[in-house]
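2 protein chains.
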Amino acid sequence: MKGKFYVIGVGPGDSELMTLKAARLLEKCPVWLAPTGRKGGESTALGIVEGVVSSDSKEILTHYFPMKKIRMGQTPDSEVKAAWDQAASLIVARLQAGFDVAFPTLGDPAIYSTGFYVCETLLEQDPDLLVEIVPGVSAIGASAAAAGQPLCLGDDRLVVIPATFENGQLRETLEKFDSIVLMKVHRVMDRLVPLLEELNLMDKAVLVERTSQSGQRIRRDLKVAMHEEQHYFSTMIVRK
Amino acid sequence: MKGKFYVIGVGPGDSELMTLKAARLLEKCPVWLAPTGRKGGESTALGIVEGVVSSDSKEILTHYFPMKKIRMGQTPDSEVKAAWDQAASLIVARLQAGFDVAFPTLGDPAIYSTGFYVCETLLEQDPDLLVEIVPGVSAIGASAAAAGQPLCLGDDRLVVIPATFENGQLRETLEKFDSIVLMKVHRVMDRLVPLLEELNLMDKAVLVERTSQSGQRIRRDLKVAMHEEQHYFSTMIVRK
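Protein chains in written order, with our numbering: chain A, 1 to 240; chain B, 1 to 240.
For reference, chain A alone in the conformation it holds in the complex (with noise of 0.2 Å):
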């Protein structure tokens, strides 16, 4: 009988925030593959389950993703396509000998996770795959929790916006919704506080860096942090 594969979220950084059942399954499956954002960087979600379930007896893959954009369904570019049949390989001849496999990922698997890619080069290989999906705690929410701050509440609008986006979109959005959650904001503070003090915003956002990991920072004065080089694990909310 084949394995099954398990894409795994670990939640934000604390190993706490791990759910009880991504630790079982963890526990359970003798292979893990761990993804890492860097080549020969270390995997930040294999830290993570280290600090619960122990990784003596286990076969470690990790593998690199490069970060580009893709969709799914669409062909990605050469690069990414690489990464994912190569991890695909090593995956399934697993899976065929018999053996689980787990595949954990930072926050929640359905946010900007790669597991869902994984899954669907897995089954392009092998149709006949048993995968499964399991949530965790995302970093939106735990950066929320963290400020004391709630995403939404009544009937309030939630949207969740890479701050990479041009100023227009990002205006627009700002101005629309109740509650906005801005991405990938360390790339472009310089621009995104201006046009927050524009749109009398300024007292309505919080950033929060590296959310439940050690160094984890709230920042409200946010003309202070602008000056400062912000981590890549960096979410601000902006609460109406």
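None of these hints come from the bench; they were simulated from the model.
In the PhoX-like style, the derived pairs of lysine-lysine whose C-alpha atoms are separated by at most 25 Å in a straight line are:
id, chain 1, residue 1, chain 2, residue 2
1, A, K240, B, K176
2, A, K4, A, K81
3, A, K240, B, K81
4, B, K223, B, K204
5, B, K204, B, K184
6, B, K176, B, K240
7, B, K176, A, K184
8, A, K176, B, K240
9, B, K176, A, K176
10, A, K223, A, K204
11, A, K81, B, K240
12, B, K58, B, K4
13, A, K204, B, K81
14, A, K176, B, K184
15, B, K39, B, K58
16, B, K184, A, K240
17, B, K240, A, K184
18, B, K28, B, K2
19, A, K204, A, K184
Here are a few chain A residues that face chain B, going by a calculated C-beta distance under 8 Å:
id, residue
20, A23
21, G136
22, G141
Quantities reported herein were computed from a predicted structural model and do not represent experimental measurements.
Idealized CB from N, CA, C, for every residue including glycine.
Let chain A serve as the given structure and place chain B on it in line with the hints.
Chain B alone, transformed into the frame defined by chain A:
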């Protein structure tokens, strides 16, 4: 020394989707205040917790919270305000006596939950109280996982909006964004489905009822689903 108040996200339904932190804190707290959505009704959140942590030695206070449109920092209507004040008084008394109090809440506390209001009301009664928000797996992420459908990838823009908004606003949102999560669909399927049909989005939509709970159903044929009664816990994901 005063006790600490914890608002604890317990996930969408399956007790195994509670975090390790939620389980530890619920074990630790001698008092649980469990919300109910109907007078004298059962608390769904309490049911989830009891799947993992024994309530035998706990003081369980169940409390009815009316579901009405409310905003932080604004005066809610008198029925709602009375419910919070009453809950807060129960909690403050225990905290001042030195007991930690847990408030288990469905899904993630940042997303349409009562927990933040309760904190606000508590701090009105005693500004020195210690409160902590513990994030959980959201029904949104869990619905996406169950449907095998990501919410956002790459540079996608995600919106979460109650489907009870009027059609003009829904149409604009469905047209403009990559990924749309519609909440409270059970009330408005008869006008929502024709709108999706008009926008050619029928094959992009999936309806998840009671995600991760017993009786979970994934519906892709919305024309059939439209003519059946929807459960209150129903979420629709539209992804282009």
